[in-house]
Amino acid sequence: MYFFEKIKGFASKEGMSRDERASLETGNIWAVFGITASFGISVVLYFVYPNLAPYFLAITTIGIIYLLSVWLGVNSLFGRIFLATLSPFIFSEAHTANMHSTDGIIPGITLLQAAMIIMPWVLFNIKERVIQFSMITLSSVMTSVPIFRVGYLNSGIDNSVLYSESIHVFFMVVSFVVLLVSYLMNINSIKSLNDHNETLWSEMEEKQQDLEAQSNDLKKYVKQIEEQNKANEIRQWEVEGLANLANLLRNGDATLTDGSYLSALINYLEANQGAVYKLEEEGDDVFLTMMDCYAYGRKKFEEQRFLPGQGIVGQAYLERREVILTEIPQDYVRITSGLGEARPNCVIVVPCIYREKVWGMLELASFKVMGDVEERFLTEAGKEIAAYLSGLSTMELLRNQSEVKNKFLV
1 MYFFEKIKGF ASKEGMSRDE RASLETGNIW AVFGITASFG ISVVLYFVYP NLAPYFLAIT
61 TIGIIYLLSV WLGVNSLFGR IFLATLSPFI FSEAHTANMH STDGIIPGIT LLQAAMIIMP
121 WVLFNIKERV IQFSMITLSS VMTSVPIFRV GYLNSGIDNS VLYSESIHVF FMVVSFVVLL
181 VSYLMNINSI KSLNDHNETL WSEMEEKQQD LEAQSNDLKK YVKQIEEQNK ANEIRQWEVE
241 GLANLANLLR NGDATLTDGS YLSALINYLE ANQGAVYKLE EEGDDVFLTM MDCYAYGRKK
301 FEEQRFLPGQ GIVGQAYLER REVILTEIPQ DYVRITSGLG EARPNCVIVV PCIYREKVWG
361 MLELASFKVM GDVEERFLTE AGKEIAAYLS GLSTMELLRN QSEVKNKFLV
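Numbering follows the UniProt record's numbering, with no gaps: position 355 of the sequence shown is 355.
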């Protein structure tokens, strides 16, 4: 097997295409087979019929010349044309020179010539089909030449041995070997082509998998970028909204706000109405009193105070947590507009916590259902409002102390 591979790869060079390498290997195998077979046949014929031996030695010489040419760097195509052209010509001349006009064609040599017609099918690939069919035509013509020259030639030598049954069987065996080698070489070429196609297919699949992996990675990267951009947009939206709210709270009336911060907050969230409840203490009693409102109707003003645990606002205060309702009771708040009243699709109540103390409650009603982003934003907004309410409480306490002091001085 090693020797066979060395023969196949004789004179091959790096950088050869797959077709060039396959053609070179085919020519190498055929040349070595021709050298070996023709030399062996010439030795046999030397003892049986010496006049025919030189023709087979000529085939041996042609094979050697081919190997030398490819070793010297000549394109294997020229060497293969050399093989395909001279081989049928030599056999035709051998046949013509040794047949007798009265006996007709020599069956054994004719059979060998016929077997040689298949040689171009093996030597040339489908891309070289013009040369291939030309060589097949030439071989066919060379095989037919002796038939048309019967009766015109008389070698004048005793060639009766060539018409014997033993020689006929001998050339039949040689022809069978030629056909068998041609068949095996053709099978090997097909196998090589299939292996090459499988390799290409595997490479294509690997490249396809790599492309799919790269595509998936790119999709993941794009998705991450989109998610990051979306997160940045949400964060920017939160920061801008909270900054605007804090600015309105700082610049508002320190004693009685005009509610501009609440209207701005509701519009920013694309809600519809809302209210802020302030924690008030009267002795031991604690109340949540509506301090600011936006877009609430008169019915809502009838109930401006909640006890802890009373209603949704009182319950959220007691539990110190956000409450989101998407199934609004019929008797709860309704959104008022110039066209009438309608039940909201979402109500959210958020405790306003500052320094671990609940200073009030923020309630919003909306036709739009609010999600986690809005809930998180309102939690932070509640802290801003709680700080604002804490400041109001401190200022009110200082004002009361000042009034008491003034009364005492008077």
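Check the hints yourself; a few may be wrong.
To be verified - Only pairs whose alpha carbons sit at most 20 Å apart, straight line, appear in this in silico DMTMM-like list of lysine to aspartate or glutamate:
(1) LYS383 x GLU341
(2) LYS207 x ASP217
(3) LYS357 x GLU281
(4) LYS8 x GLU20
(5) LYS207 x GLU226
(6) LYS223 x GLU240
(7) LYS230 x GLU240
(8) LYS230 x GLU281
(9) LYS278 x ASP195
(10) LYS223 x GLU233
(11) LYS278 x GLU322
(12) LYS127 x GLU212
(13) LYS357 x ASP372
(14) LYS368 x GLU270
(15) LYS127 x ASP195
(16) LYS278 x GLU319
(17) LYS357 x ASP331
(18) LYS357 x GLU282
Hints are computed from structural coordinates only; laboratory data are not their basis.
Outcome of the hint check:
no., hint, verdict
1, LYS383 x GLU341, "31 Å, violated"
2, LYS207 x ASP217, "15 Å, holds"
3, LYS357 x GLU281, "14 Å, holds"
4, LYS8 x GLU20, "12 Å, holds"
5, LYS207 x GLU226, "28 Å, violated"
6, LYS223 x GLU240, "25 Å, violated"
7, LYS230 x GLU240, "15 Å, holds"
8, LYS230 x GLU281, "44 Å, violated"
9, LYS278 x ASP195, "84 Å, violated"
10, LYS223 x GLU233, "15 Å, holds"
11, LYS278 x GLU322, "16 Å, holds"
12, LYS127 x GLU212, "34 Å, violated"
13, LYS357 x ASP372, "23 Å, violated"
14, LYS368 x GLU270, "8 Å, holds"
15, LYS127 x ASP195, "18 Å, holds"
16, LYS278 x GLU319, "16 Å, holds"
17, LYS357 x ASP331, "31 Å, violated"
18, LYS357 x GLU282, "17 Å, holds"
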